[in-house]
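Okay, here's what each chain looks like letter by letter:
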Amino acid sequence: AQSVTQLGSHVSVSEGALVLLRCNYSSSVPPYLFWYVQYPNQGLQLLLKYTSAATLVKGINGFEAEFKKSETSFHLTKPSAHMSDAAEYFCAVSGPKAAGNKLTFGGGTRVLVKP
Amino acid sequence: NAGVTQTPKFQVLKTGQSMTLQCAQDMNHEYMSWYRQDPGMGLRLIHYSVGAGITDQGEVPNGYNVSRSTTEDFPLRLLSAAPSQTSVYFCASSSPGTGARTEAFFGQGTRLTVV
Numbered sequence: 001a002q003s004v005t006q007l008g009s010h011v012s013v014s015e016g017a018l019v020l021l022r023c024n025y026s027s028s029v030p031p032y033l034f035w036y037v038q039y040p041n042q043g044l045q046l047l048l049k050y051t052s053a054a055t056l057v058k059g060i061n062g063f064e065a066e067f068k069k070s071e072t073s074f075h076l077t078k079p080s081a082h083m084s085d086a087a088e089y090f091c092a093v094s095g096p097k098a099a100g101n102k103l104t105f106g107g108g109t110r111v112l113v114k115p
Numbered sequence: 116n117a118g119v120t121q122t123p124k125f126q127v128l129k130t131g132q133s134m135t136l137q138c139a140q141d142m143n144h145e146y147m148s149w150y151r152q153d154p155g156m157g158l159r160l161i162h163y164s165v166g167a168g169i170t171d172q173g174e175v176p177n178g179y180n181v182s183r184s185t186t187e188d189f190p191l192r193l194l195s196a197a198p199s200q201t202s203v204y205f206c207a208s209s210s211p212g213t214g215a216r217t218e219a220f221f222g223q224g225t226r227l228t229v230v
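Protein sequences, first through last, are from chains A and B. Note that our numbering has the first sequence beginning at 1, numbered continuously upward. Note that our numbering has the second sequence beginning at 116, numbered continuously upward.
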């Protein structure tokens, strides 16, 4: 069975500081990994995805994530936080196509950006 | 392009009542799924469908029914609402893709309260 663990349910950063959100996964097959962002009272929006083409993945809004197989990690970073980055972030791993690409999510990390 | 549309956005039910959450997508996606979001638990899969007439259970299916008569629609039925079903419900759709997993597109959510 697949699982995702996000370390830290809440993260507080100052505007302009580095954002680092941690994600570790467990999967018996090569994983397809995603980061989604949820702004207040909205649905989930894709930030970026890892599909084995490259270990460093760039996404929208200046975010990027690095896939490290040896550490079973897919941490999300942004060099300089902006007030608009305040949101909840979810890491997810995709199941097989036969199961409709179903997603297994981590518990989420809520990011607070301080001025 | 509307994407994934969920109705209603908010609903209050009394214990024991039944209702249907509607989900429609206009992207001709084969795969559709329902998730519930609870604080600290991320999103958990309720039911999913890989095409019209084909549905299967996810992680937390008890108390919910689904059917898929068309590619576009995937309603979720609560048979007899319980307070434990108070949650935010998200519908998502995706396509199989030709190789790597494709991302899921999410609706705006339905916030359900059972009293």
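There's no promise every hint is true.
[Claimed, not checked] Cβ-to-Cβ under 7 angstroms is the rule here; a few derived chain B residues that face chain A: (1) 139; (2) 142; (3) 146; (4) 155; (5) 163; (6) 209; (7) 221; (8) 227; (9) 228.
[Unchecked claim] Reference excerpt, derived from the structure (chain B facing chain A, CB under 8 angstroms, subset only): (10) 148; (11) 156; (12) 193; (13) 222; (14) 223; (15) 224.
These are calculated hints, taken from the structure and not from any lab test. Glycine residues also receive a C-beta, built at the ideal position from the N, C-alpha and C atoms.
Now the hints, each set against the structure:
Taking 7 angstroms as the C-beta cut-off, the interface hint given for residue 139 (chain B) is violated, the closest approach to chain A being about 14 angstroms. Violation of the interface hint for residue 142 (chain B) is found here, the shortest Cβ-Cβ separation to chain A being roughly 14 angstroms, above the 7 angstroms cut-off. A least Cβ separation of about 4 angstroms between residue 146 (chain B) and chain A falls short of the 7 angstroms threshold, and the interface hint therefore holds. The restraint placing residue 155 (chain B) at the interface with chain A holds, with a minimum CB-CB distance near 5 angstroms, inside the 7 angstroms limit.
The interface hint given for residue 163 (chain B) is met, as the beta carbon of that residue sits about 4 angstroms from the closest beta carbon of chain A, less than 7 angstroms. Evaluation of the residue 209 (chain B) hint against chain A yields a held restraint, the C-beta minimum of about 5 angstroms falling below 7 angstroms. Of the supplied interface hints, the one on residue 221 (chain B) holds, with its beta-carbon coming within about 4 angstroms of a beta-carbon of chain A, less than 7 angstroms. For residue 227 (chain B), the interface hint is violated, since its Cβ never comes within 7 angstroms of a Cβ in chain A; the closest pair sits about 14 angstroms apart.
Using the Cβ-Cβ criterion of 7 angstroms, the hint placing residue 228 (chain B) at the interface with chain A is not satisfied: the shortest such distance is roughly 15 angstroms. For residue 148 (chain B), the interface hint holds, since its Cβ comes within 8 angstroms of a Cβ in chain A; the closest pair sits about 6 angstroms apart. A least Cβ separation of about 6 angstroms between residue 156 (chain B) and chain A falls short of the 8 angstroms threshold, and the interface hint therefore holds. Given the 8 angstroms rule on beta carbons, the hint for residue 193 (chain B) is violated: about 20 angstroms separates it from the nearest Cβ of chain A.
The restraint placing residue 222 (chain B) at the interface with chain A holds, with a minimum CB-CB distance near 5 angstroms, inside the 8 angstroms limit. For residue 223 (chain B), the shortest C-beta to C-beta distance to chain A is roughly 5 angstroms, which falls under 8 angstroms, so the interface hint holds. With a cut of 8 angstroms, the hint placing residue 224 (chain B) at the interface with chain A holds, because the nearest CB-to-CB distance is about 6 angstroms.
Checked against the numbered hints listed earlier, the structure breaks hints 1, 2, 8, 9 and 12; every other hint is satisfied.
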